[in-house]
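Enquirer: Sequence:
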Amino acid sequence: MGNKKKAYLFLGIFLLAMVLIEVLFAHPHYHMPWNVIPGADILIGFAGAWLLIFLAKILMARLLQRDEDYYEKGGGKDA
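Quick note on numbering that gives the first Met the number 0: the sequence shown kicks off at 0 and runs consecutively.
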């Protein structure tokens with residue numbers, strides 16, 4: 000099994016364990032409508048982390064990354 004598959008398997012097992020722990024041991028405090036769904040806080044946190052990674056990898060790389068030969072073309076010279 001590849002390292003990527005092991006990582007995804009571990010992540011899936013970890014998320015299921017966290018949902019199970021929340022369902023069994025968390026004190027119910029229903030302040031928001033999504034709190035009645037078991038594991039909603041975990042899923043919201045996971046989605047938020049995924050969104051931050053997406054923004055950093057995809058969008059920011061397009062804005063900040065330069066071509067390999069950027070300095071050879073004269074892009075880094077002072078005017």
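Everything labelled a hint here was simulated from the structure, so no lab data went into it. Predicted, not measured: the structure shown is a model, and the values here were computed from it. Virtual Cβ for every residue (Gly too), placed ideally from N, Cα, C. Do not rely on the hints blindly, as some may be mistaken.
[Said to hold, decoys possible] Listed below are the simulated BS3-like cross-link pairs for lysine-lysine, each with C-alpha atoms no more than 25 Å apart in a straight line:
| hint | residue 1 | residue 2 |
| --- | --- | --- |
| 1 | Lys56 | Lys3 |
| 2 | Lys56 | Lys5 |
| 3 | Lys72 | Lys4 |
[As the list claims (entries may be wrong)] Pairwise CB distance ranges, derived in the manner of DEER restraints:
| hint | residue 1 | residue 2 | range |
| --- | --- | --- | --- |
| 4 | Glu67 | Val22 | 43 to 53 Å |
| 5 | Ala6 | Ala39 | 47 to 57 Å |
| 6 | Leu63 | Phe9 | 28 to 38 Å |
Enquirer: Each of the hints needs a verdict: does it hold here or not?
Expert: Tested hints:
no. : hint                        : verdict
1   : Lys56 <-> Lys3              : 18 Å, holds
2   : Lys56 <-> Lys5              : 22 Å, holds
3   : Lys72 <-> Lys4              : 41 Å, violated
4   : Glu67 <-> Val22: 43 to 53 Å : 50 Å, holds
5   : Ala6 <-> Ala39: 47 to 57 Å  : 24 Å, violated
6   : Leu63 <-> Phe9: 28 to 38 Å  : 31 Å, holds
The structure does not agree with the numbered hints 3 and 5 stated previously, though it agrees with the rest.
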